[in-house]
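Engineer: Take a look at the letters that make up each chain.
Number of protein chains: 2
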Amino acid sequence: MKLINLDHISAAPLLPEVKESMIDAINSDLHNPSSQHQAGEAAAERLDAAREAVRQLVGAKDTKEIVFVSGGTESVNHAIKGVAMANQGKGNHIVTTNIEHNAVIRSLKRLSGAGFKVTSLPVDETGRVNPEDVAKAITDKTILVSVMHANNETGTLQPIREIGEITREKNVLFHSDAVDSVGVVPVSVEEMGVDLLSFGANRYYGPHGIGGLYVRKGTRIFPLLEGGVQEHNKRGGTENLIGIIGMGKAAELAIRDMDTRAAHLSELKQYLLDNLPKHLDEYLINTNLEHSLPDLLNVSLKYIEGESVMLMLDGDGIAVSTKSACATGSLRASHVLMSLGLSHADAQGTVVLAWGIDNTKEEMDHFLASVSECVHTLRSMSPLYRNHNG
Amino acid sequence: MKLINLDHISAAPLLPEVKESMIDAINSDLHNPSSQHQAGEAAAERLDAAREAVRQLVGAKDTKEIVFVSGGTESVNHAIKGVAMANQGKGNHIVTTNIEHNAVIRSLKRLSGAGFKVTSLPVDETGRVNPEDVAKAITDKTILVSVMHANNETGTLQPIREIGEITREKNVLFHSDAVDSVGVVPVSVEEMGVDLLSFGANRYYGPHGIGGLYVRKGTRIFPLLEGGVQEHNKRGGTENLIGIIGMGKAAELAIRDMDTRAAHLSELKQYLLDNLPKHLDEYLINTNLEHSLPDLLNVSLKYIEGESVMLMLDGDGIAVSTKSACATGSLRASHVLMSLGLSHADAQGTVVLAWGIDNTKEEMDHFLASVSECVHTLRSMSPLYRNHNG
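Residue numbers (my numbering), protein chains in the order written: chain A, 424 to 813; chain B, 424 to 813.
Only chain A is shown next, with the shape it has when bound in the complex (with noise of 0.2 Å):
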């Protein structure tokens, strides 16, 4: 049986097209784009096509700006902390908000036992944080802002060119984690006014760990992996030109398809918005519908677990998540559904639903069956059900 994947934001497959310049880099025993003799020379030049097409796809000036990590947890750990004891002779304040992913609630922890003070902004009922609370929370001492672009767990997507504005005109450094949003939807570094932007490579059917950094150029920030000269001298280690190869052509292909595509994931996402209500009762979408990401639904069935959900969707071959696969083996509530006001036990009843451009109405239908089948017999099974309706 086919599995019908709607955790495409754990993990979306590989584009056959990427496959095939990746197995291509692997049959083509490319040598070390650091070295000087003509092997080298070869693997440079492809080292360097995929960091152009990095570059379009984030609208960068300058391919110098495109750092390649080992995925969007370096990128994030290498912007926070490496913008942060850089400037630490100039302040040592950064704001952010409630909804980051951990890499950067964990940077900024760390952060904080290193001295640093951390300003985390909360978000409205809809998932958004408001760029004034941006604008008050900056003091003379802040050296950094760092709001996501997409969170992963809703979709929701934040007002990060009214960010951008604010922080130009103050003066200080803003990063947005757009791991989920690049490659999905138009991202513009210019347009944003970002000085730095995590991404990564798989959530437009490229490759699980390599990622990119986006740097503007002229900003200070150290390195966090440091030895040889490559990556400009900002990142060192003998590059992952094979999976740099496959991001550099996912990336290809994202910037031209990206309106089919979106028009596709669009269509899907409005289908579940229209049949969820014919199949289930008693649920909340904690996505913001106004300013979201096309493939991707966060619904808290109300009186059951999510965790039970996904494995009886498991059962029938259906993947989903209930919260970042990042969160795994955490039994807490995701912090970023009780950052938008819901109580413990809705935010337990999550599922999230990441569809791609692979899935089909007719997926869906059979999803829609499912869980619909899930949420009556676990709903059945129920005491807070029972109480609720006894």
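Everything labelled a hint here was simulated from the structure, so no lab data went into it. There's no promise every hint is true.
Since copy identity is lost for identical chains, a pair holds within one copy or between any two.
As the list claims (entries may be wrong) - Straight line, CA to CA, 30 Å or less: simulated DSBU-like cross-link-like pairs of lysine-lysine:
| hint | residue 1 | residue 2 |
| --- | --- | --- |
| 1 | K540 | K593 |
| 2 | K725 | K484 |
| 3 | K701 | K484 |
| 4 | K425 | K487 |
| 5 | K513 | K559 |
| 6 | K442 | K425 |
| 7 | K701 | K564 |
| 8 | K540 | K725 |
| 9 | K593 | K487 |
| 10 | K559 | K640 |
| 11 | K442 | K540 |
| 12 | K442 | K513 |
| 13 | K640 | K532 |
| 14 | K513 | K484 |
Since the structure of chain A is provided, determine the placement of chain B on it from the hints.
Structural biologist: Chain B alone, transformed into the frame defined by chain A:
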């Protein structure tokens, strides 16, 4: 014309079985190993199998002691910065040597800027550190000793086991950068007495951009890349599973074939040593022939520039390097060779020869004839050479 790769230290070709395993991984549409559905569990099984192969390769007791990282540089940065930050309550002194890779040097330089004190020990003229010097350098403030296993420019091996006895006796954490020895010579973290060991995959014909950090159970260390709970909470970020699977396969083959490989590599080393005098005069061997890798020789050709030799050999289809590929672009003479007491001029005349299991004696003959011609041509144009023989 097939390239004669005598620059395996910069890039070794992937073995056919490694390519196959990576291509299979690419075509398997593996999901996220952290996901709790069946697709995630299938991916996690592949991850576990690779971790077990790597555990065996370095002789660790428990797979939980193996952390997958993005390569040697991340591994070294993680070990050094992670231990320093986690143990600063205990002390602020670190002991190392003058011949470490830039990943170690630059990590320690960064820590020096944050209040740590570093003692860097000299090596003797054969390139080895004296364990007694390590013992003397340790104070009650010492939290870490970091000494590389095999030097990446000379292939000389350090007395790690002797140093491990000292660090255990003095109860100081011991890290070894073994990026250039793991998979090439037998390595056992238990026999070496190290608490942390850094290694990659390309030295044993696995991919670049993937590596490991051995962390002995109970070692106090902070993560460097923080976010999700991957890698037993020691390293966040969705795994580069394709790279990890390639690394696992390479590890498996390295264990199986280490002896036969070493025999072939040592034979080529002896062949070079026997035949160099027939083709060249006035050169220095900077590798400690008693304690060194079987696949690397560092040779200084007097009166000429190593870079010129490298470029001329390149024209003849032979790849060699002059120093670490990570140091490309730096005009400074190798700090490793200067530490051995070489003159600046001799250090600049250096070529690093690093062969592999795919090289043959016929290729060595081709190299010997070619290098002899290069050296003759370059010396005929060298004022240094004319002055010396004038």
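Engineer: None of the hints should be skipped; say for each whether it holds.
Structural biologist: Checked hints:
1. K540 / K593: This pair counts as within: shortest intra-copy Cα distance 18 Å, inter-copy 38 Å.
2. K725 / K484: Result: close neither inside a copy nor across copies, 47 Å intra and 46 Å inter.
3. K701 / K484: Close neither inside one copy (48 Å) nor across copies (55 Å); limit 30 Å.
4. K425 / K487: neither (42 Å within a copy, 33 Å between copies)
5. K513 / K559: within (19 Å within a copy, 40 Å between copies)
6. K442 / K425: both (19 Å within a copy, 26 Å between copies)
7. K701 / K564: Neither way: K701 and K564 sit 53 Å apart in one copy and 68 Å across, limit 30 Å.
8. K540 / K725: Cα proximity of K540 and K725: none, with 38 Å in one copy and 57 Å across.
9. K593 / K487: within (26 Å within a copy, 46 Å between copies)
10. K559 / K640: Within. Shortest intra-copy distance 27 Å satisfies the 30 Å Cα cut-off; inter-copy 46 Å does not.
11. K442 / K540: Neither: 44 Å inside a chain and 48 Å across chains, both beyond 30 Å.
12. K442 / K513: neither (46 Å within a copy, 49 Å between copies)
13. K640 / K532: both (27 Å within a copy, 24 Å between copies)
14. K513 / K484: within (27 Å within a copy, 47 Å between copies)
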